[in-house]
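Participant: Here are the chains, one letter per residue:
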Amino acid sequence: MYKVLDVAFSKLIKLLTIFSLLLLAFVVVFIFRESVVFFKEVSVLSFISGRSWNPLLAADNLGIFNIILGTLYVSLVAIILALPIGVGMALLLAGYVEGRVRAIIRGIIDILAGIPSVVYGFIGLLVLVKWFETRLDLSSGESVLAGGILLAVMVLPYVISTCHESMEKAYRRHAPSSQALGVSRSYLLREIVLPESRRAIIAATVLALGRAMGETMAVMMVIGNAPIPPTLLGKCQTIPSLIALEMGMAEVGSLHYHSLFASGLVLMAVLLAINLVFYFVRRSAFMK
Amino acid sequence: MRKMENSRLFKLWMVVSTLIVLISVGFIIGYIVLNGIKSISLDFIISSPKGLPLGSEGGILPAIVGSLLLMLIACGFASFLALATAIYVVFYCQSSQIENIVHIIVQCMAGVPSIVIGLFGYTFLVAKLGLGRSLLSAGLTLGVMVFPFIEVRIEKSLQEFSTAALQSSYALGVSKAYTLFKLVLPQCKEDIVAAITLAGGFAMGATAPIILTGAVIFAPIPSSLSSPVMALPFHLYILTGEGISLEKAYATALVLITLIFAINIISIALTSRRKEVGS
Amino acid sequence: MNILELLSLNSYYGHEQVLYGINLAIRKNAITAVIGPSGCGKSTLLLTLNRMLEECGGRAEGEITFAGKDFFSYPKEEIRRRIGIVFQKPSPFPLSIYRNLTYAPVYYGVRDKKKLNEIVESKLKVAGLYEEVQADLHKSALQLSGGQQQRLCIARALTVEPEILLLDEPCSALDIKNTANIEQMLLKLAQDYTIVIVTHNLAQAKRISDYTAFLLNGELVEYGETKKVFSRPQDRRTWEYIEGIYG
Numbered sequence: 000m001y002k003v004l005d006v007a008f009s010k011l012i013k014l015l016t017i018f019s020l021l022l023l024a025f026v027v028v029f030i031f032r033e034s035v036v037f038f039k040e041v042s043v044l045s046f047i048s049g050r051s052w053n054p055l056l057a058a059d060n061l062g063i064f065n066i067i068l069g070t071l072y073v074s075l076v077a078i079i080l081a082l083p084i085g086v087g088m089a090l091l092l093a094g095y096v097e098g099r100v101r102a103i104i105r106g107i108i109d110i111l112a113g114i115p116s117v118v119y120g121f122i123g124l125l126v127l128v129k130w131f132e133t134r135l136d137l138s139s140g141e142s143v144l145a146g147g148i149l150l151a152v153m154v155l156p157y158v159i160s161t162c163h164e165s166m167e168k169a170y171r172r173h174a175p176s177s178q179a180l181g182v183s184r185s186y187l188l189r190e191i192v193l194p195e196s197r198r199a200i201i202a203a204t205v206l207a208l209g210r211a212m213g214e215t216m217a218v219m220m221v222i223g224n225a226p227i228p229p230t231l232l233g234k235c236q237t238i239p240s241l242i243a244l245e246m247g248m249a250e251v252g253s254l255h256y257h258s259l260f261a262s263g264l265v266l267m268a269v270l271l272a273i274n275l276v277f278y279f280v281r282r283s284a285f286m287k
Numbered sequence: 000m001r002k003m004e005n006s007r008l009f010k011l012w013m014v015v016s017t018l019i020v021l022i023s024v025g026f027i028i029g030y031i032v033l034n035g036i037k038s039i040s041l042d043f044i045i046s047s048p049k050g051l052p053l054g055s056e057g058g059i060l061p062a063i064v065g066s067l068l069l070m071l072i073a074c075g076f077a078s079f080l081a082l083a084t085a086i087y088v089v090f091y092c093q094s095s096q097i098e099n100i101v102h103i104i105v106q107c108m109a110g111v112p113s114i115v116i117g118l119f120g121y122t123f124l125v126a127k128l129g130l131g132r133s134l135l136s137a138g139l140t141l142g143v144m145v146f147p148f149i150e151v152r153i154e155k156s157l158q159e160f161s162t163a164a165l166q167s168s169y170a171l172g173v174s175k176a177y178t179l180f181k182l183v184l185p186q187c188k189e190d191i192v193a194a195i196t197l198a199g200g201f202a203m204g205a206t207a208p209i210i211l212t213g214a215v216i217f218a219p220i221p222s223s224l225s226s227p228v229m230a231l232p233f234h235l236y237i238l239t240g241e242g243i244s245l246e247k248a249y250a251t252a253l254v255l256i257t258l259i260f261a262i263n264i265i266s267i268a269l270t271s272r273r274k275e276v277g278s
Numbered sequence: 000m001n002i003l004e005l006l007s008l009n010s011y012y013g014h015e016q017v018l019y020g021i022n023l024a025i026r027k028n029a030i031t032a033v034i035g036p037s038g039c040g041k042s043t044l045l046l047t048l049n050r051m052l053e054e055c056g057g058r059a060e061g062e063i064t065f066a067g068k069d070f071f072s073y074p075k076e077e078i079r080r081r082i083g084i085v086f087q088k089p090s091p092f093p094l095s096i097y098r099n100l101t102y103a104p105v106y107y108g109v110r111d112k113k114k115l116n117e118i119v120e121s122k123l124k125v126a127g128l129y130e131e132v133q134a135d136l137h138k139s140a141l142q143l144s145g146g147q148q149q150r151l152c153i154a155r156a157l158t159v160e161p162e163i164l165l166l167d168e169p170c171s172a173l174d175i176k177n178t179a180n181i182e183q184m185l186l187k188l189a190q191d192y193t194i195v196i197v198t199h200n201l202a203q204a205k206r207i208s209d210y211t212a213f214l215l216n217g218e219l220v221e222y223g224e225t226k227k228v229f230s231r232p233q234d235r236r237t238w239e240y241i242e243g244i245y246g
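Chains as they are written, first to last, in numbering that gives the first Met the number 0: chain A, 0 to 287; chain B, 0 to 278; chain C, 0 to 246.
What the hints contain is simulated information worked out from the structure, not anything from laboratory work.
Only a predicted model underlies this, so the values are computations on that prediction, with no experimental measurement involved.
All C-beta atoms in this analysis are idealised placements derived from N, C-alpha and C, irrespective of residue type, glycine included.
It is possible that some hints are incorrect.
Said to hold, decoys possible - Capping the alpha-carbon separation at 30 Å, the derived lysine-lysine pairs in DSS-like fashion look like this:
hint : chain 1 : residue 1 : chain 2 : residue 2
1    : C       : K205      : C       : K27
2    : B       : K181      : B       : K155
3    : B       : K49       : B       : K37
4    : C       : K227      : A       : K10
5    : C       : K88       : A       : K168
6    : B       : K175      : C       : K114
7    : B       : K181      : C       : K205
8    : A       : K13       : A       : K2
9    : B       : K181      : C       : K112
10   : B       : K188      : C       : K88
11   : B       : K127      : A       : K13
12   : A       : K168      : B       : K155
13   : C       : K68       : C       : K113
14   : C       : K205      : C       : K227
15   : A       : K13       : B       : K181
16   : C       : K176      : C       : K27
17   : C       : K68       : B       : K175
18   : C       : K112      : C       : K187
19   : C       : K68       : A       : K2
20   : B       : K175      : C       : K75
21   : C       : K113      : C       : K187
22   : C       : K227      : B       : K181
Claimed, not checked - Beyond 10 Å from chain C on every Cβ pair, some chain B residues (computed):
hint : residue
23   : N5
24   : F9
25   : V24
26   : L33
27   : L51
28   : G57
29   : I100
30   : A163
31   : Q166
32   : V173
33   : Y177
34   : L182
35   : I220
36   : I264
Looking at chain A on its own, in the form it has when it is part of the complex (with noise of 0.2 Å):
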């Protein structure tokens, strides 16, 4: 009896997982597929470089070039402002607190990971743009400093957890040696934990600017959405936040409309690069 149900159960996990594979893959190939239709049109190279995005004129006024640098500009704000305050608090965590107040302080962490980015959106429009707009007197506080300091804190969480882990196991394995010569927490956590824990912020930097490339709603809400050469305190435009507006407007099947997708195909491409970098990363840093 156990027999028949035990092969039957194992014919369906089988299945399932590869359901689950298939629709993934599918997902990808779907998109790909959708973006192939646009490339046939208009040359990678010329999509990836055009300066201009207009996807009311001709073809050729469908270019990216400036939203690719929008992307990576707020992105790498966030990561310059998140990784020195997530590391700073993920050696404290690992060097002084324990028991009781460490899980109070992870829960806390754990609070901020979970807040949905619409709601990060809502307090940087209200608050960082406002601030920006009375107290650095500039016409529009939409900007790219506003959408990078939005997304260093929606990244933080990730970037403190990855790091305490390591961190936290690095300090456990050196601190009895350590403490037995006399030696001073905080010169353990700066000479021994911090240099062994740099392929966990590596890993940690690649984590969190592939969630600052992806993220849609925040962004969207704070950079102003205008697809110019962006800069520090001017409006920009992110890769997400285009899909996010003009999917909308865009006419199924229309060249605008496969624009998006090739566009979403390229941020997928390098978020797929950064993953896999932070797979083997991660692995390497296991077997070590």
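Assemble chains B and C onto chain A, guided by the hints.
Facilitator: Coordinates of chains B and C only, in the frame set by chain A:
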């Protein structure tokens, strides 16, 4: 002397970083709660949006129900498949090569931005399959998004199950399926449920995948899978983006994060209960 | 009478050969001790005999006869039911004591509550655990002490009525009192079961076993009645091992 200086700077760095994070969390939560509480009322929760422009008065009941339904569909769909995949990888997969392929696909999928998944849902489910902008389309799209999230967590929990106990079970001549159902799954069920609820919170807060696939500015409580829905995050986006009502936006944000925190707390409670039983 | 006969048995992990041409006949209703230094293949031998080796990524070849038939012609589940194994480290299931013991019987189709209670009670008694735990059969097995956990694992292995019980250094993690408990129990069990015990502890082998096999570097060096092996070893290496020259 320089050593002292370095050490002080190092400590300062850690403390300042921590303070920045804690203050940010405090500010975000405080901002939403303090502003939200002023404009929230029972009526807001149990009535439909009214006024002109729509949403400037009235409540958000259809959005609350819509969000819960979307979460249910997304989690139901994704957890069914994710559980099977995790079980396959941990217990049935014989080759480490296949295991690696599964991991790479799931890892890649986790990196696909939610808006691109939305794009897929819009073109494939809404247009090609003709499901329309509906509860079902949006729910399935969210399901595709949370699949990797759930799979990774369930797989980790299964992986952590005691190898010694597994070996003992097989050594009694007992089959894998029996071992799974009687030994492993009962032991891991809190973790599994926690992973699914956490994913639920994630799905509930996501806006990008549902903008194109099912969320609308106004709809009554959905009567079937093919009706369009209101959803809290999308409603918040519209209220702010179109400048309809700041007051209602604060209240909506408060309801949204309260629901998500409630879900997260359930998940954390489940995980810690598992730890107590296990020790 | 021999219940298990091994003829030129070779066992491998991947490309690495662990056991070389083992010839061994296990007597029914006797205690056979397998001794030898660490890494000599003692544990691998047990895993081979329970067909758990393949679960650990290994494989075996050679001729084994079990109860008069070819060992490899049995379905592996049947082998595992009829030849039980207890591992070195106590490995109770994360279930209650009661559920630990009914786990396998339920799988093999025992549904009657009374019958199950009987199995639990009798096996706990055999393992000398009944008096210690009878008041609270439904508490988690993980809360038992190490010695109690190991005796529970032996009781659990017995719930499927195996003919042979393999034990892989069952006492290595236990104190003297628990070790004595388990040795007592094994002597009693030998009346109904065939027991093969791997042990590091020569005194233990001497105390409880009827036959002793000495393994070195994956080869069977000597096999015979315990008394003879310990008093007049035939092979110089056995003598050296017993005298503590290596080990």
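Participant: Which of the numbered hints above does this structure break?
Facilitator: Hints 4, 7, 13, 22, 30, 31, 32, 33, 34 are the ones this structure does not satisfy, whereas the remaining hints hold.
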